[in-house]
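*Asks:* Add chain B to chain A, keeping to what the hints say.
If you want the building blocks of each chain, they are given just below.
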Amino acid sequence: MAILFAVLFYFAGILLLGGLAWRIADYWRTPVPLKIPTTPAPTTSGGVVLRMMREVLLFESLFKSNLWIWIFGAMFHFSLALVLLRHLRYFTEPVWSWVALIQPFGMYAGIPMIVGLAGLWARRIFVERIRYISTPSDHLMLVLLLAIGISGLSLRFLDHPDIVGVKAFIIGLLRFDIQPLPDNALLYVHLGLVATLAIIFPFSKLLHAPGVFFSPSRNQADNPREQRHLAPWAAELEK
Amino acid sequence: MAGEITAPPYRVIPIVPALKPGAMEGTKPFIANDKIQEALGFPGELVEDWHDRAIAKMGELLKKYRAFKVYLDACVHCGACTDKCHYFIGTQDPKNMPVARQDLLRSVYRRYFTLAGKLFPKLVGARDLTKEVLDEWYSYYHQCSECRRCSVFCPYGIDTAEITMAARDILDAVGYGQKYSNEIIGKVHKIGNNLGLPGPALEDTLAGLEEDVKEDTGVDVKFPVDVKGAEILLITPSADFFAEPHIDGLIGYAKVFHAVGASWTLSSMASEGANFGLFIGNYEQMREIALRIRKAALDLGVKRIIVGECGHAWRVAYSFWNTLAGIGAGANDPFAVQLQSQLDPRYKQPTHICEYTWDLIQQGKLKFDKSRNDKYTITFHDSCNVARASRMGDEPGGQFEIPRNIIKAVANNFVDMDENTIREKTFCCGGGGGLLTDDLLDLRVKGALPRMEALQKVADDHGVNYLAAICAICKTQFSKTLPYYGFKRDMIGGVHQLVSNAIILEPQE
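If you read the sequences in order, they're chains A and B. For what it's worth, numbering that gives the first Met the number 0 labels the leading residue of the first sequence as 0, then goes sequentially. For what it's worth, numbering that gives the first Met the number 0 labels the leading residue of the second sequence as 0, then goes sequentially.
In case anyone wonders, no lab produced these hints; they're calculated from the structure.
One side of the interface only, derived from the structure: several residues of chain B facing chain A at Cβ under 7 Å: (1) R65; (2) A73; (3) V75; (4) P93; (5) V98; (6) L114; (7) V151; (8) S318; (9) N321; (10) T322; (11) K347; (12) A388; (13) R390; (14) G396.
Built from N, CA and C at the ideal position, the CB exists for glycine as well.
Extracted from the complex, chain A is given alone in its bound form:
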C-alpha cells in the first residue's frame, strides 16, 4: 500500500508542479499587446500590487458583484488557507513553531471550509442561472473538495489514525525513503482524493489561482499616455 501511494504521490507531484510550471511559463511568455486595465485603475506599479493584493486577499471585485458568492467563496478560501498551513506539520521535522501554534485553528477551519463549499454547491444546484452555466466538472470539483474536507475532518475528529506513522510516511516520501503507510481506509480515501486534486489541478479551472496574477485587466498600470507599451510582434509591424 505504501508503495502504491508513494508512486501515486510522486506522479501527482510531478504533474502538479510540472503542469503549473508549464502553464505559468506559458502565460508569462504570451505577450500583452495593448493596455487594457479595467479602469479606474492604478497608474503606478505600486498601485497595481495593492489592487492585486485586495483582489487576492479580500476578493474585492467579487464583493462588489455578489454578496452570497463572496461569503461562501471567502469562507472556503480562507479556511482552506488555514487548513493547508496547519498541514505543514506533516512536512517538516521539527515542526515550525507558528505551525504548531495554528494547529487548533487549522483543524476547526475545516468546518467553515465545508460550509463554504456546501453553500457554493447549493447555489450551483438551486439558482437557475448558475445551474445553466455549470458543467458536470463544475459540480464534481465541488464534490471532490467536499469529500477531501469531510474525510479530513472525520480523520481528525471521528477517527484515531496512527498520525505518527502518517507523518513518517510523508517525511519518507520527501527523503525518498519509503516508510510503511498506516492501514486506514479513511486515510486512503483522503490521500487518494488529494492526489486526484493535484493531478487535475493544472488541467482545470483551478488555474484561476495562477491566472489571476496574469489577468491584464487587473495587473496593468494605467499609464498608456505616459509610457509607450509595445509587444515584440507589434513592433515588427513598424519595420
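*Replies:* Relative to chain A, chain B alone:
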C-alpha cells in the same frame, strides 16, 4: 425579426430576470459582402475550409494575446457576472450572460486546445466547432457591445469584450464578417471617415456651420481644416459634422477654442475619431486607422492632439494610440520619437476635449451664463469605453469627475442616476461595439432597458429632462431608443452642447 419592436417593461424591483432560452436566437446583423470583406483583406465569403482555418486562427490569437488565453482558462463559472450585462437584463436570453457568451467559444477552445476537452469533452463542457456553432458565434458575438461591465465584477477581471473581439476576428478570418463595421472601416481607409464624407464635402459642411454660428451668436467662430502649422489638431467622430445632437458638440468645441484664441485645425484625411478596428478585434485594422492621425499630425506640424466627444475613439486614443502610432509620450524608439519630439510635452497627448475645457475653466479663462441652461435638469451618462477603459486628468476616476465638473460649471441643475448604474458600473447605452445598426434595432431597444430604468427614476424624482453624454454612439443610440421608452428623442445631448449654450463670447476684432 417579425413583429413590432417594443421596449421591454421596466422591472418593478430590479431583480435578476428569469431565463428565456432562445429568446434572441437567430438575431444577427447583415453579413458583409465580398467587396466589403476583400477591401479589408478578409475572405470575400465563408471559405470551404472554415473549420480548420477558424481553429488555426484561434491558436494564433492564443499565442498573441495573453488576455485571451488567461480569460479562457481562469473562469470558474461562479456566476458573479451573470446578472451584470444589459443585454441579458433586456433580452433574458441566457446566452447573453457574460460567462455563457464566453462559453460559446470556450467550449470550442477546450475541445481543441486542452487535454480535458480532448479526452472528456462532455465532462468539461467542450464541444466541436460545427456550422451551427459558427452561426451561434455570429449571432451572439454581435449581441455584445464590448462595454467591459462584466470585467468590473469578475473576481479575475475576465473581460468578455476580449473574447468577443477574438471571436469576431476569427469570423472575419473565415469570411464571415459583419457588414456594418467592415463597410465603415473600408470607408475610413478609402476616404478618411466613417461616413465616406470626402474633403470638399466636409469643407462645405463646415463653411455652412460657420455661417450658422455667426447668425446665431454674431461671432465669427471658425472651423478650420488642414491648416498647416496650427497648434491643435482636433480628431472628432465624423458624426459631429452633421448629425443631431452631435453637431452642437462640435460648435461647443469651436466656441471654446475661439474664446481662448487657440490655433486649431481639423484634418480632411484624418476626419474620424472613431476606430471600428477595435470592435472587430483586429489589431492591424485598428492600427491602420490610427496611423492616419499620426500622418495628419506630422503633415500639419501640430503640437497638440485633442479628441472630441466620442467613447470608443477616446479608448483607442487614450489607451492605444501610443502603442499603435506613437502618439503620446515616454517612447525612445525612432518611430514614436519622430512624432513625440514634435508634440508639446507640457500637455498630455492626446488630450480629451473635456480635459482641455476643464483646465481652462479651472484657470478662469472661460466665462459662462449658467442661467442659459436653467431650463434643463441634467444627468450624466457615463459611456462605457470612457468609464471602464480610459482616464482623464491625473487621478484614476477623472473620467467621471471632469465631465460632471464641466456640467456643474455651465449649468445649475445636475443630478446623478442611481450609483449602481453610473461610473465604473455604468450601463452601456445598448448601441456600442459595432451594434449601432438598424438590423439590430430590437436588440438595441432591449439592451437600453437598465439605463432607461435609471433615467426614469431621476426623471420622476427630479424632473431630469437632459441626458448628457460624451459619446457619438450613445448620442445616436439614445436618439433612436428614447422614444420607445416614452422619452423625447432630443433629451440626449452632449456636454459641449451645454458649454455652447452657456459660453459668453466676445466678438474678436
